[in-house]
Amino acid sequence: MSSRSRNNRWRGPTLIAATLVLGLAGTTGLRAQDKTALTATPMPVAVTTLFPGGGAMPPLNPVAKKYDGNAQAIAAGARLFDWYNCSGCHFHGAGGIGPALMDDTWIYGGRIDQIYDSIARGRPNGMPSWQGKIPANELWEIAAYVRSLSAPEATKGGPGETEPKPSPPPVGTPPQAMPQTVPGYDK
Amino acid sequence: MKISRHRRSSGMFLAGAAIAMALAMPAIAAMPTPPASAAPKDDGQWPMAAKNYAATRFSSLDEINDKDVKNLRADFTFSLGTKAGAEAAPIVADNTMYVITPYPNYVYALDLTKPGAPLKWQFIPKPAPASQGVACCDVVNRGVAFSDGKIFFNTLDDQTFALDAATGKMLWRAKVGNISTGESMTMAPLVVKGKVLVGNSGGEFGVRGWLTALDANTGKIVWRAYSTGPDKDVLIGPDFHPFYPQDRGKDLGVTTWPPGAWKIGGGTVWGWIAYDPDLNLIYYGTANPGPWNQEQRPGDNLWTTTIFARDPDTGAAKWAYQMNPHDEHDYDGINEIILLDMPVAGKMRKVLVHPDRNSYLYVIDRTTGELISADAYGPLNSYTGVDMKTGRPIVNPAKTTKVGTIVHDICPTASGGKDWEPSAYSPLTGLLYIPHENMCMDWEDVQTNYIEGTPYVGATVVMKPGPGGNRGEVTAWDPVTRKPVWQVKEDLPAYSGALATAGNLVFYGTMDGWFKAVDAKTGALKWRFKTGSGIVGQPIAFKAPDGHEKIAILSGVGGWAGAIVSGNLDPHDPTGALGMVGAMKDLKQRTTPGGMLYVFSLPQ
Numbered sequence: 003m004s005s006r007s008r009n010n011r012w013r014g015p016t017l018i019a020a021t022l023v024l025g026l027a028g029t030t031g032l033r034a035q036d037k038t039a040l041t042a043t044p045m046p047v048a049v050t051t052l053f054p055g056g057g058a059m060p061p062l063n064p065v066a067k068k069y070d071g072n073a074q075a076i077a078a079g080a081r082l083f084d085w086y087n088c089s090g091c092h093f094h095g096a097g098g099i100g101p102a103l104m105d106d107t108w109i110y111g112g113r114i115d116q117i118y119d120s121i122a123r124g125r126p127n128g129m130p131s132w133q134g135k136i137p138a139n140e141l142w143e144i145a146a147y148v149r150s151l152s153a154p155e156a157t158k159g160g161p162g163e164t165e166p167k168p169s170p171p172p173v174g175t176p177p178q179a180m181p182q183t184v185p186g187y188d189k
Numbered sequence: 073m074k075i076s077r078h079r080r081s082s083g084m085f086l087a088g089a090a091i092a093m094a095l096a097m098p099a100i101a102a103m104p105t106p107p108a109s110a111a112p113k114d115d116g117q118w119p120m121a122a123k124n125y126a127a128t129r130f131s132s133l134d135e136i137n138d139k140d141v142k143n144l145r146a147d148f149t150f151s152l153g154t155k156a157g158a159e160a161a162p163i164v165a166d167n168t169m170y171v172i173t174p175y176p177n178y179v180y181a182l183d184l185t186k187p188g189a190p191l192k193w194q195f196i197p198k199p200a201p202a203s204q205g206v207a208c209c210d211v212v213n214r215g216v217a218f219s220d221g222k223i224f225f226n227t228l229d230d231q232t233f234a235l236d237a238a239t240g241k242m243l244w245r246a247k248v249g250n251i252s253t254g255e256s257m258t259m260a261p262l263v264v265k266g267k268v269l270v271g272n273s274g275g276e277f278g279v280r281g282w283l284t285a286l287d288a289n290t291g292k293i294v295w296r297a298y299s300t301g302p303d304k305d306v307l308i309g310p311d312f313h314p315f316y317p318q319d320r321g322k323d324l325g326v327t328t329w330p331p332g333a334w335k336i337g338g339g340t341v342w343g344w345i346a347y348d349p350d351l352n353l354i355y356y357g358t359a360n361p362g363p364w365n366q367e368q369r370p371g372d373n374l375w376t377t378t379i380f381a382r383d384p385d386t387g388a389a390k391w392a393y394q395m396n397p398h399d400e401h402d403y404d405g406i407n408e409i410i411l412l413d414m415p416v417a418g419k420m421r422k423v424l425v426h427p428d429r430n431s432y433l434y435v436i437d438r439t440t441g442e443l444i445s446a447d448a449y450g451p452l453n454s455y456t457g458v459d460m461k462t463g464r465p466i467v468n469p470a471k472t473t474k475v476g477t478i479v480h481d482i483c484p485t486a487s488g489g490k491d492w493e494p495s496a497y498s499p500l501t502g503l504l505y506i507p508h509e510n511m512c513m514d515w516e517d518v519q520t521n522y523i524e525g526t527p528y529v530g531a532t533v534v535m536k537p538g539p540g541g542n543r544g545e546v547t548a549w550d551p552v553t554r555k556p557v558w559q560v561k562e563d564l565p566a567y568s569g570a571l572a573t574a575g576n577l578v579f580y581g582t583m584d585g586w587f588k589a590v591d592a593k594t595g596a597l598k599w600r601f602k603t604g605s606g607i608v609g610q611p612i613a614f615k616a617p618d619g620h621e622k623i624a625i626l627s628g629v630g631g632w633a634g635a636i637v638s639g640n641l642d643p644h645d646p647t648g649a650l651g652m653v654g655a656m657k658d659l660k661q662r663t664t665p666g667g668m669l670y671v672f673s674l675p676q
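If you read the sequences in order, they're chains A and B. Each residue of the first sequence is one higher than the last, beginning at 3 in the numbering used here. Each residue of the second sequence is one higher than the last, beginning at 73 in the numbering used here.
Simulated from the structure, these hints should not be mistaken for lab results. Honestly, I wouldn't trust all of these hints.
[As the list claims (entries may be wrong)] Pair by pair, the computed Cβ-Cβ distance ranges are: (1) A:Y110 / B:P331: 35 to 43 Å; (2) B:N289 / A:N63: 52 to 60 Å; (3) A:P61 / B:P469: 40 to 48 Å.
[To be verified] Far from chain B by the CB rule (all over 12 Å, computed), these chain A residues: (4) P46; (5) P54; (6) P60.
These figures come from a predicted structure and were not determined experimentally. We put the CB at the ideal spot given by N, CA and C, even for glycine.
Work out the full structure: start from the sequences and follow the hints.
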């Protein structure tokens, strides 16, 4: 697969993502303030609780803290979760092709930065790597939403937050209902 | 378990039918019979998942029978070392039993000549772990195939392997698909005339379906027949003579789709293949179109949910019949196809019998592709009938699916009136034993984006028990009278294959772990054994080297219906596992995961 065709493959979702950013920028405030989030990669996170010789997970970095439990981020993440087909594998939290996200079991850690890391870098048993495909701020929003699926009520978000619905409505309409040229099949 | 009888005595009825037929046509036997070339005299082996090319899953062994089965006991067991759904049929050839596990697709050879059947060899193919992320419905595998001293199987990451059956040494491996485009492989290969027939899975990932023939000696691709696209890709040429006019025309695999949509339109080939050596034709069904959201793909979407008859030498299509034009409910056409020669309106016909996902049991002339009959074997409201002139189902407009509307109580579900779990046919009773589901669903189409290598579904589905509340049934169906003879109701979906034997027995397993033997004529329970986990495997019978009959089954819950247990899913979201979680909320309280082979015999 050439890099050109790879770009083509991602044209659809990128357009959608761009629409989302424009549509939401005015309402959340988060995106405008937090330019660094678009490019920032998180601190390396541990996915274990075993630290030889002592130690612990470092505290959340400031970027992660901004998104964690943020109502608008969670709401945006819920829509992106459908948009990028996360719900195709994890459904609305039950899991199916991928593991359940609404239970209290975390294979690679349930902190927002650990969830970010799982989405960005992928995991070996079937989780794709999304780094470079989904902008960092959207990865944080998806991570915030995923964490909200199982987090205790108190940490689910601030005022205005609503319970994740079984079927979050899509944001707007896609640029085209049916791809005119099928991405990835330009051979 | 409840049994309902649909007539007083099937034995009497069959005798009566035989007499009537004998009077009408003295030269013709009344009982449907598999063609001898496709179901040769039983040698006590079980070399392919469906037992023979006619796919009868019938053993003529009768040492274990309705009189003595009460004494049946576990002979030996063997741990598979895996937790996912164990859907494979154990294979028996040359005094050895061959078992493949779900991912990571371990292959074990057990020496049947020694007490306890010790491990003879094991093969670890090491499929890419990432392949688990593109398997829609648990990381299953449906079996190996034995032919000419070789073992053939597929791995989840799209490889076909050939091993030396005696030593387990690898002879060749062929990479036939690509997980990054959403392709996986779960089906059991069929070996026909020195060719290994394999197909892909991934109808929920925007995959383009195909069936491929590999040279059994080298693994080189001999031909590949796509299920969608231009005629040259589908191997439609001058020999193609579909019975119905709507299936004639150039490049229908392109023109029945929106522009380009056929390239990601599904029609995968993950089920069963039958073969008629006399006609030199293979038969198989293609899976659902993608995405599930029908509004994104107006048109008939050929050649999805279609039975193809093809020349195994060239792959050239001979005829095709589409069960579900413009499928709106994920009614894959991959279910088993059983080859029978049987009387139809006073004339012997070469037919195939196919209990489809859409709850119709199709009887089709396997020479021409003409539909002979289509009868509902389970609850069905998505269609109101099948037009016998055109062969097309009559759509019930109340159950068509839409974006933005939840359509309630569609029967059957996306998993079907029955799913992949194969039926068995006994030429002694003339009955087809169909393990199936009794479930309905709510469905809402949602707009979905195609992102290569990720799901391409576009539907929010919640399944539920069907009429009566029992989620499963085993139906004994008479293909001549086109009626059920008896039905056993099961609380959980009947998601294991069936085995029929000359001992007047039918074996199947339940998703809470009971392995059962019932009377083939009445459905009465004759024996049962509680295995360690729910059963979604395929029972077989074989003659062991000591001369005695044995029965084998894999236990290990999973597959689509059991994914809530094998995948440890959360029951609070009923849309999980493509809506299956809604119907299977209680399964975690009924069974736990873990694969194990069980082999049973009579005390000697």
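Hint by hint, here is what the structure shows:
Between A:Y110 and B:P331 the C-beta distance comes to about 41 Å, which sits within the given range of 35 to 43 Å. Distance hint check for B:N289 and A:N63: the Cβ-Cβ separation is about 59 Å, which falls inside the suggested range of 52 to 60 Å. A beta carbon spacing of about 59 Å between A:P61 and B:P469 contradicts the range 40 to 48 Å that was offered as a hint. With a closest Cβ-Cβ approach of about 22 Å to chain B, A:P46 is found to remain outside the 12 Å limit, as its non-interface label requires.
No beta-carbon of chain B comes within 12 Å of the beta-carbon of A:P54; the shortest separation is about 26 Å. No beta-carbon of chain B is positioned within 12 Å of the beta-carbon of A:P60; the least distance is around 29 Å.
The structure fails hint 3 only (numbered hints given earlier).
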